[in-house]
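**Student:** Okay, here's what each chain looks like letter by letter:
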Amino acid sequence: MWRDGRKAAARNARLEREWARLYRYACALTRDRERAADAAQEAALRVLTARSEPADDPAYRRWLYSILRNLLIDQGRRQQREQGTPAPEPADWRFDERAISAITVRQALEQLPVAMKEVVVLVDLDGFSYAEAAALIGVPAGTVMSRLSRARAMLLAIIGGANIRVLPVRHAVSG
Amino acid sequence: MPYQADSHPPEDWETLNAFADGELAPAEQRAMAERLADSPETAERLRGIIRLKQELQALPAGDVPPLPTLSASPRSYWRQAAAIAVAIVIAAAVALAPMLLLRDSSGTFLAASLAAHEQFATSAPSQPIATVAPAAALPVTSELSRLGLEPIWQATSATGQIRIGFVGARGCRLSLHVSPQAEPALAPDQVVPTLAGWNAGGRGYLLIATGMPTARFEMIAGFIKALTSEPADRVEPLRTALQSDWRSAQPCLA
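Residue numbers (this note's numbering), protein chains in the order written: chain A, 1 to 175; chain B, 1 to 254.
It is possible that part of the hints are untrue.
Stated by the list, open to error - Here are some of the chain A residues that sit facing chain B, going by a computed Cβ distance under 7 Å: (1) Asp57; (2) Gln107; (3) Asp124.
As the list claims (entries may be wrong) - Derived CB-CB ranges, DEER-like: (4) A/Ser52 x B/Ala37: 48 to 56 Å; (5) B/Ala215 x A/Glu34: 23 to 31 Å; (6) A/Lys7 x B/Ala31: 31 to 39 Å; (7) B/Gln29 x A/Trp63: 27 to 35 Å; (8) B/Thr214 x A/Asp56: 44 to 52 Å; (9) A/Arg51 x B/Val64: 51 to 59 Å; (10) B/Pro26 x A/Arg51: 40 to 48 Å; (11) B/Leu238 x A/Asp56: 29 to 37 Å.
Honestly, the hints are just simulated from the structure, not real lab data. Just so you know, even glycine gets a beta-carbon here, dropped at the ideal spot from N, CA and C.
Can you build the whole structure from these sequences, using the hints too?
**Tutor:** Set out below in structure tokens:
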């Protein structure tokens with residue numbers, strides 16, 4: 001009993017470390033925060049109730065992301081049959097010390113097609129290698145390379161086309 | 001902007017992106033480095049890619065929904081476990097506090113920091129000792145977060161030494177230790193590849209890593225040292241260079 005409780009706590013804490021990134025990935029795939037939250041939470045429950053989980057962290061992350069991705073693919077197929085794709089939800093912007101640059105890049109990111117946005121999130125935001133992202137998506141690594149380069153070109157074009165410039169990030173220097 | 005909406009991507013755009021991501025084979029990397037040296041336009045495009053990557057990595061997480069918890073029995077086990085753990089921690093704290101305080105006051109900053117790092121590095125990855133309050137974090141914390149190193153542990157000793165522990169996406173551990181006063185320089189026999197110490201602004205700093213390749217550690221140590229010692233205008237180019245080099249360095253081994 002004690003061992004089960006400790007194992008569950010360890011699993012929960014491990015998942016918690018990935019939770020924000022997992023939710024962000026769900027947002028990238030759905031463009032709908034409510035649906036992303038539901039999917040991420042369902043994926044989390046599957047993870048927490050799985051009989052076993054990968055021991056090493058990179059494999060664990062791939063496993064986690066693939067559970068969420070497969071779940072969203074299944075839901076997407078079901079939803080397409082039932083009612084079509086939901087409309088994207090407008091993002092809420094926050095103004096902090098680096099709000100301008102965050103907003104310009106985030107606005108551009110929101111405009112990318114889902115397949116492109118997915119590789120940007122996986123590689124740039126979540127730190128997956130091309131090979132890891134390719135295995136997760138189920139495409140050759142060359143496709144990830146090509147898709148990512150086109151995504152970045154599109155991001156830069158959107159930022160440039162909107163006459164928005166990314167401003168420098170300023171940080172205080174500690175004494 | 002290095003790339004316009006109404007133009008075709010440059011011929012080497014894909015390769016340049018892969019170069020920025022550290023995904024090219026060594027021979028391709030060398031070829032691209034030569035091209036960058038010869039072509040200011042290509043170098044400009046690379047700067048644009050790196051800048052974009054930096055901004056993407058700096059995007060705030062936004063509002064994240066709560067992580068679901070399992071109800072029924074596992075939860076009750078967790079509560080029991082938590083209660084027992086709290087009792088153990090309190091008992092241990094009472095028993096060990098005099099020893100810890102003695103160690104902190106009579107031992108060196110280096111010894112105390114190494115001991116604290118050892119404790120941090122060997123604790124289970126899923127069981128951080130404490131959660132870091134964002135307001136309490138040093139400016140260094142935000143810089144390391146941009147590199148994917150998240151703060152998961154913080155401690156302040158009775159003598160005012162601050163320690164922050166970070167974990168990388170692949171599990172490597174890095175801890176920063178700040179003494180309120182300048183500390184003696186590391187002796188030659190104390191120098192190891194993933195340990196760096198310096199004084200700046202009347203404070204002593206130590207950076208210690210576990211599971212991190214030496215080259216990666218040296219990049220971080222060099223930057224954090226500059227961040228704590230140099231004026232802001234000298235730090236910005238280093239930040240850009242670090243972001244550029246970071247992805248191409250060997251990843252953590254943990």
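**Student:** Each hint needs a verdict: does it hold in this structure or not?
**Tutor:** Structure-based check of each hint:
A distance limit of 7 Å between C-beta atoms decides the matter here; for A/Asp57 the minimum to chain B is near 5 Å, and the interface restraint holds. Against a cut-off of 7 Å between C-beta atoms, the interface hint on A/Gln107 is violated, since the closest Cβ of chain B lies about 11 Å away. At its closest, the beta carbon of A/Asp124 sits 4 Å from a beta carbon of chain B; the interface hint therefore holds under the 7 Å criterion. Separated by about 51 Å at the C-beta atoms, A/Ser52 and B/Ala37 satisfy the suggested range of 48 to 56 Å.
The given range of 23 to 31 Å is broken by B/Ala215 and A/Glu34, whose C-beta atoms sit roughly 44 Å from each other. At about 50 Å, the CB distance of A/Lys7 to B/Ala31 disagrees with the hint of 31 to 39 Å. Roughly 31 Å separates the CB atoms of B/Gln29 and A/Trp63, a value that falls within the hinted 27 to 35 Å. The hint said 44 to 52 Å for the Cβ distance between B/Thr214 and A/Asp56, and at roughly 22 Å that hint is violated.
For the pair A/Arg51 and B/Val64, the beta carbons lie near 27 Å from each other, so the given range of 51 to 59 Å is not met. One distance hint, 40 to 48 Å for the beta-carbon pair B/Pro26 and A/Arg51, holds here, with the actual separation near 42 Å. The hinted range of 29 to 37 Å is satisfied by B/Leu238 and A/Asp56, whose Cβ atoms lie roughly 33 Å apart.
When held up to the earlier numbered hints, the structure conflicts with 2, 5, 6, 8, 9 and fits the remainder.
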